[in-house]
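Asker: Okay, here's what each chain looks like letter by letter:
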Amino acid sequence: MTSNEIIEIVRSPKEKAASKKIRKWFIAEDVLMQQFEDFEEEGALPDLLGKNILVSENQFANIYNIVKQIANTLEMPIPQVFIYDSYECVVDSEGIKIPRLEISARVVKEFTIKEITHTLAKEMYHIKVGHIYYEVMAEKIMGLFNVAPNLPGVNLIKQFGGDFVAQGANFHFRSLAFKWFSYACFSAENFAVVYTNSITSSISATLMGIFNERILVDSIHIKDYLEQIPKIESCLGPAATLEIINEVIPYGPYRIDNMLKFVISENGKKLYNYFPGVL
Amino acid sequence: MKINKNTSNNDFIAEEEIISDEPSNLLKNGMSFVAKKALSHSKKIVNKILSNYRPAITINYFTKKEDITSIIEYSLLNKSTDKIVLRDIALNNINTIELAKKLNDEIVKEYNDSVNGFKILLNKNQKAESNLQESEAFQQAINKIKKIKSQFDEKSQFRMKYDFLKELKDDPNNHLTLTSKFNSLSQNYPNWDNPVIAEYLVKSIPVSSLDKKIVFMLLSYYPTDLNYLKLAEKISRKEDSVIFSELIKLFS
Numbered sequence: 001m002t003s004n005e006i007i008e009i010v011r012s013p014k015e016k017a018a019s020k021k022i023r024k025w026f027i028a029e030d031v032l033m034q035q036f037e038d039f040e041e042e043g044a045l046p047d048l049l050g051k052n053i054l055v056s057e058n059q060f061a062n063i064y065n066i067v068k069q070i071a072n073t074l075e076m077p078i079p080q081v082f083i084y085d086s087y088e089c090v091v092d093s094e095g096i097k098i099p100r101l102e103i104s105a106r107v108v109k110e111f112t113i114k115e116i117t118h119t120l121a122k123e124m125y126h127i128k129v130g131h132i133y134y135e136v137m138a139e140k141i142m143g144l145f146n147v148a149p150n151l152p153g154v155n156l157i158k159q160f161g162g163d164f165v166a167q168g169a170n171f172h173f174r175s176l177a178f179k180w181f182s183y184a185c186f187s188a189e190n191f192a193v194v195y196t197n198s199i200t201s202s203i204s205a206t207l208m209g210i211f212n213e214r215i216l217v218d219s220i221h222i223k224d225y226l227e228q229i230p231k232i233e234s235c236l237g238p239a240a241t242l243e244i245i246n247e248v249i250p251y252g253p254y255r256i257d258n259m260l261k262f263v264i265s266e267n268g269k270k271l272y273n274y275f276p277g278v279l
Numbered sequence: 280m281k282i283n284k285n286t287s288n289n290d291f292i293a294e295e296e297i298i299s300d301e302p303s304n305l306l307k308n309g310m311s312f313v314a315k316k317a318l319s320h321s322k323k324i325v326n327k328i329l330s331n332y333r334p335a336i337t338i339n340y341f342t343k344k345e346d347i348t349s350i351i352e353y354s355l356l357n358k359s360t361d362k363i364v365l366r367d368i369a370l371n372n373i374n375t376i377e378l379a380k381k382l383n384d385e386i387v388k389e390y391n392d393s394v395n396g397f398k399i400l401l402n403k404n405q406k407a408e409s410n411l412q413e414s415e416a417f418q419q420a421i422n423k424i425k426k427i428k429s430q431f432d433e434k435s436q437f438r439m440k441y442d443f444l445k446e447l448k449d450d451p452n453n454h455l456t457l458t459s460k461f462n463s464l465s466q467n468y469p470n471w472d473n474p475v476i477a478e479y480l481v482k483s484i485p486v487s488s489l490d491k492k493i494v495f496m497l498l499s500y501y502p503t504d505l506n507y508l509k510l511a512e513k514i515s516r517k518e519d520s521v522i523f524s525e526l527i528k529l530f531s
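In order, the protein sequence lines correspond to chains A and B.
Under my numbering, the final residue of the first sequence carries the number 279; numbering is consecutive throughout.
Under my numbering, the final residue of the second sequence carries the number 531; numbering is consecutive throughout.
If we strip away everything but chain A, and leave its shape as in the complex, we get (with noise of 0.2 Å):
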């Protein structure tokens, strides 16, 4: 199977839909990636280096192997993987030119291999289908809605309500992104949980991610977690609704049911079966 084909099965339809919304909203495209590549992406490199650990063949070769079989699997480069100190267990996918993966330390002192082998799955997925660019340019699009009404020139508009229009368009694109990026997020989470062959190491993995303790991820209980969602789609009134506007992860008992249908669906099936899983 090609990665086009694995990525095709496990891409969520609706992020196919979401990701058509925002295109429409991109522009200048060129220049504000030249300006990240150039300035964001270029300057944060020195620190990396410098502050973290560049995972090798001969530092965490462990993670370095995992990394490796990935980008196989995905066809594509072997991403820099940088490890750095942190309470929190955080593993994220970043750059444009240079992509890269960033783990803290506990993710490595208290990640199972497998639980480990899940979250860089699911980061390099990120990375292979270019969703770090959509994110990029998400967020660039965003800047430029909260300094438009501040240029020169728009000060008279500004008068007859333009900042107003800056706002609402703001919060419509903000809204807009937050789905996409949720949709994003049960993608890549499709894909690692096949990947990993584990639904159980893929579940803990996702709850440590969120809490960050190992005792509170063992004392869920799944059912009563996932009945969770009834009550947070009970929650109506405008304030809750802007709450869950404004959240760009989709919360956790939606990760969990996602992951469960998508290992139960024919699709699931499939790739759950072609993949061999974590040796």
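Wrong hints could be hidden among the right ones.
Restricting the straight-line Cα-Cα distance to at most 20 Å, the calculated cross-link-like pairs of lysine-lysine (PhoX-like) are [claimed, not checked]:
| id | chain 1 | residue 1 | chain 2 | residue 2 |
| --- | --- | --- | --- | --- |
| 1 | B | Lys528 | A | Lys261 |
| 2 | B | Lys344 | B | Lys362 |
| 3 | A | Lys223 | B | Lys344 |
| 4 | A | Lys223 | B | Lys528 |
| 5 | B | Lys327 | B | Lys315 |
| 6 | B | Lys362 | B | Lys380 |
| 7 | B | Lys343 | B | Lys380 |
| 8 | A | Lys16 | A | Lys261 |
| 9 | B | Lys343 | A | Lys223 |
| 10 | B | Lys358 | A | Lys231 |
| 11 | A | Lys114 | B | Lys528 |
| 12 | A | Lys261 | B | Lys316 |
| 13 | B | Lys315 | B | Lys358 |
| 14 | B | Lys380 | B | Lys460 |
| 15 | B | Lys362 | B | Lys343 |
| 16 | A | Lys140 | A | Lys24 |
| 17 | B | Lys491 | B | Lys517 |
| 18 | A | Lys270 | B | Lys491 |
| 19 | A | Lys231 | B | Lys343 |
| 20 | B | Lys362 | A | Lys231 |
| 21 | B | Lys460 | B | Lys482 |
| 22 | B | Lys323 | B | Lys358 |
| 23 | A | Lys270 | B | Lys517 |
| 24 | A | Lys270 | B | Lys513 |
| 25 | B | Lys316 | B | Lys344 |
| 26 | A | Lys231 | B | Lys344 |
| 27 | B | Lys362 | B | Lys381 |
| 28 | B | Lys482 | A | Lys270 |
| 29 | A | Lys261 | B | Lys492 |
| 30 | B | Lys358 | B | Lys380 |
| 31 | A | Lys261 | B | Lys491 |
| 32 | B | Lys428 | B | Lys362 |
| 33 | B | Lys388 | B | Lys398 |
| 34 | B | Lys509 | A | Lys261 |
| 35 | B | Lys509 | A | Lys223 |
Don't read these hints as lab results, they were simulated from the structure.
For chain A, the structure is supplied; the task is to place chain B on it using the hints.
Answerer: Using the frame of chain A, we list chain B on its own:
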């Protein structure tokens, strides 16, 4: 109340009178009235703006009676969710099907009222020999509502599901009638989706002749239910049953 020990007795009484002087009831009630109105209006406005952004309610998550009734009560009070969605949620539990029927009747009435309203306007317009453009607009509005009504499908899928569920509630042992009603539903709507009907079928049909689709439909509503997972393990291919074995172990 502030007490100043250095003041004379008379001064003390005067100060007490000023401090305990309360706003009149008229002012209190007036302010409370204005505040209530302002809050209610701002809630309405924010609700209206946010209605386009509110995430869609997922029907599959609502199967418990208390969750269903709570979301329906809140939504009807605040007009926050489409009645068709609420009606379909109400069909997810045998104890709320009458609520679904009530909502369905209300939706039908609302459609009919809208069509009748436009028909009256159209007639008036035609009698008064008003301009053609307006008459056409009324006719278009009527056609649009009729189109929505046909999509909403009040007589077909809802009616068939409701009939089945009503029979199941009133006479659960009448398998002959239930089978006939189910056949009618599945022939007209092969992609029907309902947890109560699926549960009934899983209980009443022998595993050997059970459609796998029904078990997986149930799992989409109850992904952690051990009985359905065990059933899925039993009816799945050997390579797929590994997934269900793992899930059974996880939720046991």
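Asker: If a hint holds in the structure, say so; if it doesn't, say that too.
Answerer: We went through each hint and held it up to the structure:
Distance restraint check for B:Lys528 and A:Lys261: the Cα-Cα separation of roughly 17 Å lies within the 20 Å cut-off, and the hinted pair is therefore satisfied. For the given pair, B:Lys344 sits about 17 Å from B:Lys362 by alpha-carbon distance, which is consistent with the 20 Å threshold. For the suggested pair A:Lys223 and B:Lys344, the alpha carbons sit about 17 Å apart, so the restraint of at most 20 Å is met. Distance check on the hinted pair: A:Lys223 and B:Lys528 sit about 13 Å apart at the alpha-carbon level, within 20 Å; holds.
For the hint linking B:Lys327 to B:Lys315, the alpha-carbon distance of about 18 Å falls within 20 Å, and the restraint holds. About 11 Å separates the Cα atoms of B:Lys362 and B:Lys380, which keeps this hinted pair within 20 Å; it holds. With a C-alpha separation of about 18 Å, the suggested pairing of B:Lys343 with B:Lys380 holds against the 20 Å cut-off. The suggested pairing of A:Lys16 with A:Lys261 holds, with an alpha-carbon distance near 19 Å, which does not exceed 20 Å.
Distance restraint check for B:Lys343 and A:Lys223: the Cα-Cα separation of roughly 13 Å lies within the 20 Å cut-off, and the hinted pair is therefore satisfied. For the hint pairing B:Lys358 with A:Lys231, the CA-to-CA distance comes to about 18 Å; that is within 20 Å, so the pair holds. With a CA separation close to 17 Å, the supplied pair A:Lys114 and B:Lys528 stays within the 20 Å bound. Pair hint A:Lys261 plus B:Lys316 does not hold up; C-alpha atoms about 45 Å apart against a cutoff of 20 Å.
Under the criterion of a C-alpha separation no larger than 20 Å, the hint pairing B:Lys315 with B:Lys358 is consistent with the structure, at around 19 Å. For the proposed pair B:Lys380 and B:Lys460, the alpha carbon gap of about 17 Å is at most 20 Å, so the pair holds. Proposed proximity of B:Lys362 and B:Lys343 is supported: the alpha carbons are some 19 Å apart, at most 20 Å. Simply put, A:Lys140 and A:Lys24 have alpha-carbon atoms about 14 Å apart, close enough for the 20 Å limit, and the pair holds.
With a C-alpha separation of about 14 Å, the suggested pair B:Lys491 and B:Lys517 falls inside the 20 Å cut-off, and the hint holds. Restraint check: the Cα-Cα separation between A:Lys270 and B:Lys491 comes to about 16 Å, which is no more than 20 Å; the hinted pair holds. As the CA atoms of A:Lys231 and B:Lys343 are separated by approximately 11 Å, the hinted pair is consistent with the 20 Å bound. Under the criterion of a C-alpha separation no larger than 20 Å, the hint pairing B:Lys362 with A:Lys231 is consistent with the structure, at around 19 Å.
A threshold of 20 Å between alpha carbons decides the hint, and for B:Lys460 with B:Lys482 the separation of about 17 Å falls inside it, so the pair holds. Annotation: proposed proximity of B:Lys323 to B:Lys358 holds, straight-line Cα distance about 9 Å (limit 20 Å). Under the criterion of a C-alpha separation no larger than 20 Å, the hint pairing A:Lys270 with B:Lys517 is consistent with the structure, at around 12 Å. In summary, the hint linking A:Lys270 to B:Lys513 is supported, as the alpha carbons are separated by about 18 Å, within the 20 Å threshold.
Annotation: proposed proximity of B:Lys316 to B:Lys344 is violated, straight-line Cα distance about 34 Å (limit 20 Å). The hinted pair formed by A:Lys231 and B:Lys344 meets the criterion: a straight-line CA distance of about 12 Å does not exceed 20 Å. Between B:Lys362 and B:Lys381 the CA atoms are separated by roughly 11 Å; this keeps the pair inside 20 Å, and the hint holds. Straight-line distance between C-alpha atoms of B:Lys482 and A:Lys270 comes to about 28 Å, which puts the hinted pair past the 20 Å bound.
Restraint check: the Cα-Cα separation between A:Lys261 and B:Lys492 comes to about 14 Å, which is no more than 20 Å; the hinted pair holds. In summary, the hint linking B:Lys358 to B:Lys380 is supported, as the alpha carbons are separated by about 18 Å, within the 20 Å threshold. Using a Cα cut-off of 20 Å, the hinted pair A:Lys261 and B:Lys491 holds, with the two alpha carbons roughly 15 Å apart. Using a Cα cut-off of 20 Å, the hinted pair B:Lys428 and B:Lys362 holds, with the two alpha carbons roughly 13 Å apart.
Only pairs whose Cα atoms come within 20 Å are accepted, and B:Lys388 paired with B:Lys398 is accepted, the gap being roughly 15 Å. Distance restraint check for B:Lys509 and A:Lys261: the Cα-Cα separation of roughly 16 Å lies within the 20 Å cut-off, and the hinted pair is therefore satisfied. For the proposed pair B:Lys509 and A:Lys223, the alpha carbon gap of about 16 Å is at most 20 Å, so the pair holds.
Hints 12, 25 and 28 from the earlier list are contradicted by this structure; the remaining hints agree with it.
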